[in-house]
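Chemist: Residue numbers (my numbering), protein chains in the order written: chain A, 1 to 314; chain B, 1001 to 1314; chain C, 2001 to 2314.
Any given hint could be a false lead.
Under the rule of at most 20 Å between Cα atoms (straight-line distance), these lysine to aspartate or glutamate pairs were calculated in the EDC-like manner [said to hold, decoys possible]:
1) B:K1128 - C:E2282
2) C:K2128 - A:D285
3) A:K45 - A:D62
4) A:K87 - C:D2062
Partial selection, computed: residues in chain C whose CB lies under 10 Å from chain B [what the hints assert, rightly or not]:
5) A2173
6) V2295
7) G2298
No lab work stands behind these hints: they were computed from the structure. Heads up, the beta-carbon is just placed ideally off N, CA and C, and yes, glycines get one too.
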Amino acid sequence: MSATKSEFIWKRKHLVGLDELTAEEIIHILDTAESFREVSTRSIKKVPALRGKVVGLLFFEDSTRTRMSFELAASRLSADTVLFSAKGSSVAKGETTLDTVRNIEAMGVDIFVIRHSQAGAPHMLARKLKASVVNAGDGSHEHPTQALLDIFTIRQRLGGVAGRKVAIVGDIAHSRVARSNILGLRKLGAEVVAVGPPTLVPSAITAMGCDISHSLDDVLGEVDVVNMLRIQFERFGSNLFPSVREYSRLYGMNVERLARCRKDVLIMHPGPINRGVELTSEVADGPNSCILQQVTNGLAVRMAVLYLVSQGTE
Amino acid sequence: MSATKSEFIWKRKHLVGLDELTAEEIIHILDTAESFREVSTRSIKKVPALRGKVVGLLFFEDSTRTRMSFELAASRLSADTVLFSAKGSSVAKGETTLDTVRNIEAMGVDIFVIRHSQAGAPHMLARKLKASVVNAGDGSHEHPTQALLDIFTIRQRLGGVAGRKVAIVGDIAHSRVARSNILGLRKLGAEVVAVGPPTLVPSAITAMGCDISHSLDDVLGEVDVVNMLRIQFERFGSNLFPSVREYSRLYGMNVERLARCRKDVLIMHPGPINRGVELTSEVADGPNSCILQQVTNGLAVRMAVLYLVSQGTE
Amino acid sequence: MSATKSEFIWKRKHLVGLDELTAEEIIHILDTAESFREVSTRSIKKVPALRGKVVGLLFFEDSTRTRMSFELAASRLSADTVLFSAKGSSVAKGETTLDTVRNIEAMGVDIFVIRHSQAGAPHMLARKLKASVVNAGDGSHEHPTQALLDIFTIRQRLGGVAGRKVAIVGDIAHSRVARSNILGLRKLGAEVVAVGPPTLVPSAITAMGCDISHSLDDVLGEVDVVNMLRIQFERFGSNLFPSVREYSRLYGMNVERLARCRKDVLIMHPGPINRGVELTSEVADGPNSCILQQVTNGLAVRMAVLYLVSQGTE
């Protein structure tokens, strides 16, 4: 892998999705993140890599933790940050997204981190802007840095990704986290099985190269990783499954189910978790869980992404 | 101009309006902005001019882009910034504006950037505080840095201001941008014509030294600059003119009207633009438009203003 | 005192309340604040003490001025800051406070400054986290840095605390500021009298070691300090006393009452003040008032607290 790293030349100035990336590019991001992870363990957690650069955090849709993670990653690289949040801004004044972002770009922003409710918004902006664009989640489409930190954590804990089998459990149909994970994991040679009720796991998902199971119990014994997606009550209410209790009974991870998994199975969750719904507290806080490690790795991965796109030319 | 620059000694510790400034002072700000503009083109876009100083951004009224522009200008000068936004603050707790600001001043703020819905608020504060005060827009009164960046852009694109003829189009009566522009342009020897329907361009405006026209078509052929003001739907609704379509038909800039202008006419707009209302997309994105250049110049002008008031003593 | 200072070794990595501290520890914070106060008078108001450290400002409850004071204190120590505000965050998504904070901790935060509506929340978090915790106000429980800055100001203005007599006036029953002040002042050997109507000053308060008076006029002649608490209209309305006018007539500080105090009596208020309610403008802006000095000292005290907890190990 170090050979790969030394010979590889990163060229992209945007990171809009894992769909666009080659396996080699994904591995290069993970390797770069590995070297930035060390910075976070120092007493002075800063490197001057992006000093004098400006990172614009554009959150057309709220996301406290993704915003904080990118903001801290940018600070750690010594960049200046400026926050745009859709609330109370001129978006309400009828301006187009493109005009809003071009305006902010004209203030000297070098890299945009963009969260938007509309799928494809970062891709559109990447085509129109001179600045770099990093997708921090677009609608139900992609959330590439979340998938990269998930994959980074799998590689870190299991020693590799190729040949591993990952179950992604929950609302696959509406989840950008699921989509980006499936894309990235498949490119790196992992097997993926999407698990959930038929309303949340439509058969068309197999086109992405993953298997489907409507029974969590059926797959428990054969997977290396169980990635539990958040049930977004605030978005979908209970329209997509009979009840929370029913969901939890069929698809929630608990000690009984954990006992039927491989001994060193990895339990993941992108957060924020609903304790007692996607997983019980015993599982969330137990030794197989790497939920907080995912968050920590998120910093390193986002430092890597911000750094790499700042070096990109195309 | 370089002779003027080298001999001039800046004395003001506040910038509350263009009304107070001499032509010489305005030119000194523009010249200083010129030298800061170069910083924005460097790889490391930072100078240590205000290191260890604190800029307090006090937005009693929301303004995403003006806040971002001042925040980035302060960062670029290496100042620390702290943001106060009226929402959810102790303003709601019945405290006076003066008490709120004096409190924040006592925390060690050196320069206040103040946006306030009440005309004259920055002037009152400038008299009471030891810190510097920069007016970032007060009611319908003044928005001096917007006018300075407009004038900077005119000088940059046309090579000078004196003798040029500028049309300002729209709601002149309620616009602080218009007021500050008229004041600044007149002091530098430009001619100004205020254009709009009689409800928005009352005859009393001529007291500021500008001409009036209720027909945009009448003035198109004779002006060097057309500065289109934003129609603030959110403030005035349709009370002041029959309809948006009617406004656009009479006072909107489009390719037909542009064809009747001088070949190198400058089309300006303080943003955010309402595409299809004040101007069409062809005009906004065409070669005569300098809308994004205005935004970029705003950074340099605000760096200059923050730097100069930090040096001022009276 | 310098002997005390040089020999004392600070050990705490949290500051959750004055209840936990010894007199020696309180004095050590005040002495450390004294040395940081000098930084605020320099032209470049920055020291590198916390460079590369991250201070997380967690405001589960809004507080503009406490947030700004801690934010500026952190900047002045060269720390990076990241703000979490409960509005629009995943708190609304049903996540527990502990999960929210552990998540942010996993992003590499070194010190948390926490404001929470629930009494005891910072204490609970201090037990669970590896990062340091500073209480910025928890329910009606404690607000230690406010009391420390009050005590710092008393020591600065009166030359000492032991043996001085302090009246705290207002809603003692619901005030975390009052509680922390009583605890700290008593530990340093001051006498405290809690003043207010029986609804706001219940007799159980005497268990904290203070006296009680339901008449402000009775105590005026014998105290060195009058600390007027803010009447929190927004919280308690007029349920706890007949009317604002009645409250002001009985417990408001005015020139007549000031005339009956000792000549150099110190008038304090944690802000924001209700002019004409807790005190008149003549008193608030007069020579006995040290309200803005309290704010300025707040910076130095918070710098000291952030610095000390960063050095603590237990």
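Chemist: Work down the list of hints and note, for each, if the structure agrees.
Modeler: Going down the list of hints, with the structure as the test:
1. Taken as a hint, the K1128 (chain B) and E2282 (chain C) pair is honoured in the structure, with Cα atoms around 16 Å apart against an allowance of 20 Å.
2. Only pairs whose Cα atoms come within 20 Å are accepted, and K2128 (chain C) paired with D285 (chain A) is accepted, the gap being roughly 13 Å.
3. Distance check on the hinted pair: K45 (chain A) and D62 (chain A) sit about 27 Å apart at the alpha-carbon level, beyond 20 Å; violated.
4. As the CA atoms of K87 (chain A) and D2062 (chain C) are separated by approximately 17 Å, the hinted pair is consistent with the 20 Å bound.
5. Because the beta carbon of A2173 (chain C) sits about 20 Å from the nearest beta carbon in chain B, more than 10 Å, this interface hint is broken.
6. The closest approach between the C-beta of V2295 (chain C) and any C-beta of chain B is roughly 4 Å, which is under the 10 Å cut-off, so the hint is satisfied.
7. For the restraint placing G2298 (chain C) at the interface with chain B, the shortest Cβ-Cβ distance is roughly 7 Å, inside the 10 Å limit, so the hint holds.
When held up to the earlier numbered hints, the structure conflicts with 3, 5 and fits the remainder.
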